[in-house]
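Protein sequence lines, in the order shown, are assigned to chains A and B.
For the first sequence, the positions run 1 to 399 when our numbering is used.
For the second sequence, the positions run 1 to 399 when our numbering is used.
In short, the hints are calculated from the structure, not lab data.
Incorrect hints may appear among the rest.
Treat identical chains as interchangeable: a pair holds within one or across any two.
Stated by the list, open to error - As a list, the in silico PhoX-like pairs of lysine-lysine whose alpha-carbon atoms are at most 25 Å apart:
{"hint": "1", "residue 1": "K44", "residue 2": "K231"}
{"hint": "2", "residue 1": "K44", "residue 2": "K31"}
{"hint": "3", "residue 1": "K264", "residue 2": "K31"}
{"hint": "4", "residue 1": "K46", "residue 2": "K231"}
{"hint": "5", "residue 1": "K26", "residue 2": "K44"}
{"hint": "6", "residue 1": "K31", "residue 2": "K46"}
{"hint": "7", "residue 1": "K336", "residue 2": "K314"}
{"hint": "8", "residue 1": "K297", "residue 2": "K44"}
{"hint": "9", "residue 1": "K41", "residue 2": "K297"}
{"hint": "10", "residue 1": "K231", "residue 2": "K31"}
{"hint": "11", "residue 1": "K357", "residue 2": "K41"}
2 protein chains.
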Amino acid sequence: MWSILFLIILSAIAFLFTDELITNLKELFIKSGLFGIDLCKVNKSKVPEAIGVVSGCVFLVTSFLFIPIAFGYSLLDRGNFPHNEFAESLAALLSICCMLLLGFADDVLDLRWRYKLLLPTVASLPLLVVYYVNFNSTTFIVPIPLRQYLGISVNIGFLYYIYMGMLAVFCTNAINILAGINGLEVGQSVIIALSIIIFNIIELTGEQYKAHLFSLHIMIPYLATSLALLKHNWYPSKVFVGDTFCYVSGMTFAVVGILSHFSKTVLLFFIPQIINFVYSVPQLFHLIPCPRHRLPKYSAETDLLHASRTVIPKKDLNFLNKFIIQVFSLLHLVDKIEDRDQITLNNLTLINLFLIKLGPTREVTLTIALLLFQVVCTCIAFLIRYPMASYFYDVQSKT
Amino acid sequence: MWSILFLIILSAIAFLFTDELITNLKELFIKSGLFGIDLCKVNKSKVPEAIGVVSGCVFLVTSFLFIPIAFGYSLLDRGNFPHNEFAESLAALLSICCMLLLGFADDVLDLRWRYKLLLPTVASLPLLVVYYVNFNSTTFIVPIPLRQYLGISVNIGFLYYIYMGMLAVFCTNAINILAGINGLEVGQSVIIALSIIIFNIIELTGEQYKAHLFSLHIMIPYLATSLALLKHNWYPSKVFVGDTFCYVSGMTFAVVGILSHFSKTVLLFFIPQIINFVYSVPQLFHLIPCPRHRLPKYSAETDLLHASRTVIPKKDLNFLNKFIIQVFSLLHLVDKIEDRDQITLNNLTLINLFLIKLGPTREVTLTIALLLFQVVCTCIAFLIRYPMASYFYDVQSKT
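Working from the sequences, and respecting the hints, build out all of it.
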């Protein structure tokens, strides 16, 4: 366990280094044309964009440097070296490195959607091969109430690999679409990372302690470098994190979920992202008109954010979108204004939903509200994972 | 061996895909500000830069897709799965992926020299750990004439790891400084790749066939994607390859050299790059003034390239640079013009050396001349490696 202590020290250095590096490289990013304008501020100065690549690189380098330490004792006894665990670490880093590259390429080149969906799938391939070789457990434990129908466990075979591949795609994109106000991307990722770390620490006493140790080896440097990024990205943002950060974060969570066998628990920590995704589906699939940006609208006079809106001409109404609008209205999930020719709705994102519930809000208050919601969801996740799981599973067979 | 056949088919598809992708993405690169102006052309239109990232990504994806094939039979018998070989593949891809990321970051951000030296070192760390775990052979076989002094072999221990780390740094930068005219970077890399492939095929009948098969698994998709890039980068270049390509290429060669134990042979294929490096040393270390660019000078009237020149004020002459200039003059390696206050020399690159020997030349002729030189050097390398090596080594202990 001394290796964890070493990792914490290494990560603390990584935090300081990332902090320093971001300060030093900011101007370089602007000079290279990598900058954006903060639409929710009066001041329209250039803010460096894609700074997630800096924290991502330091995260990778820290993990590289930690490899010889993680395998410290084993390195001295090369006959019994755990090649399979080593391959796991390498596959994890390879997938993360790929996403770092893809994210940065996306920030620079603004890639099309098909690449964004294709490449995480390919990047998770080494991961799936490692999973196949080291575990190949493709069995779901069936919840107790369903066992009379399905038996104790169901082996879904190849479908399990599809599930894991999709997990990587989902995680990378889910964070990316719950974004747009200062500090939200990094804030939510930090809370998810902390949730995973707490979960790992709880499970360190269990049978699967090795898998959870592996997860900690990845999550601790990730958390440290992300915290350094948050320092600069918090309201008012001095840097933007870019798709780079969202992709790296999503892949990192998917990697530990897959290789440490708690992918369902990782999904529990993604409740706000899942809600945001489901809520966004009608716009993502263009059942309801989706403008290029769904960011909240900033009012310079009041310094408050308002929900942004989309307009549906009544002639474009069909059974499906009418039904969706009715259901969402009934559930009080949209703010609908109807006149003769058209219906206007708030854009269907969790951020706008918060704004119609809270009313016009300062940006930093909104970020804090959303992050608090993330924390509440983490608590719910732990409730589901621990006390409630025993109703559905034998304690031994929890996964 | 059927896996090689499959790899060749996969690589052929990768070639076509790279070709198509470069055509499709060219405009996107220009739109994103990633472009350069070809200084050796009359036409000053924008040429997309850093396109090496496209061929590099396809190379990586091809290698990912090939992993399940490469380990085909072993995957069915998971009890005896060669985890160590799998870890080798992953470490190789990880190092290459890191260099792809670094190269692209360098093209976008124009990083400082210290990062260019630091990051290949860090990127080669997983490689060195794999080497330590799987082989840890740090012994040099001593050439026969020296054996009476040093014994049959010398174990240089930790220094061997320093040597391998420096090999990665050298390979990545050596290609990068023998560059600047259309098609040269990719051309030389293709010839080196072909040389390595020929060497691997020869050695496939030997004891170390597994190591050489491993090398082929990496070199074949590399060659295919680089050929597609060459098609677009050949005179007159429609795309520039960027540092990205040079870094990926250098790391790829270093990776196979290290993991397949023929790093000295790889260095033999780098003779022109070594000559260029040694010849450049006085300028790289600023013993002789080094302008920002040492590219040949283009004459629009004649469409010919001339050697570019550097000026040394006589008052700046000291013992060291005077000595260097004298030695180079004696060996007819510089074109020196001396007047009352100053000396002008050609810039010390192999490209300029060719120009002072050949006289003003068309760009495409110069590229072909340099590539022919690379081919001749490969032949010399094979001569040193095979007939001559038996004078210095027992045939069995060749490395």
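Here's how the hints hold up against the structure:
no.	hint	verdict
1	K44 - K231	within (21 Å within a copy, 44 Å between copies)
2	K44 - K31	both (17 Å within a copy, 23 Å between copies)
3	K264 - K31	neither (43 Å within a copy, 41 Å between copies)
4	K46 - K231	within (18 Å within a copy, 39 Å between copies)
5	K26 - K44	within (17 Å within a copy, 31 Å between copies)
6	K31 - K46	both (10 Å within a copy, 19 Å between copies)
7	K336 - K314	within (13 Å within a copy, 81 Å between copies)
8	K297 - K44	within (15 Å within a copy, 43 Å between copies)
9	K41 - K297	within (11 Å within a copy, 49 Å between copies)
10	K231 - K31	within (22 Å within a copy, 32 Å between copies)
11	K357 - K41	within (22 Å within a copy, 62 Å between copies)
Hint compliance for this structure: hint 3 is the single one not met.
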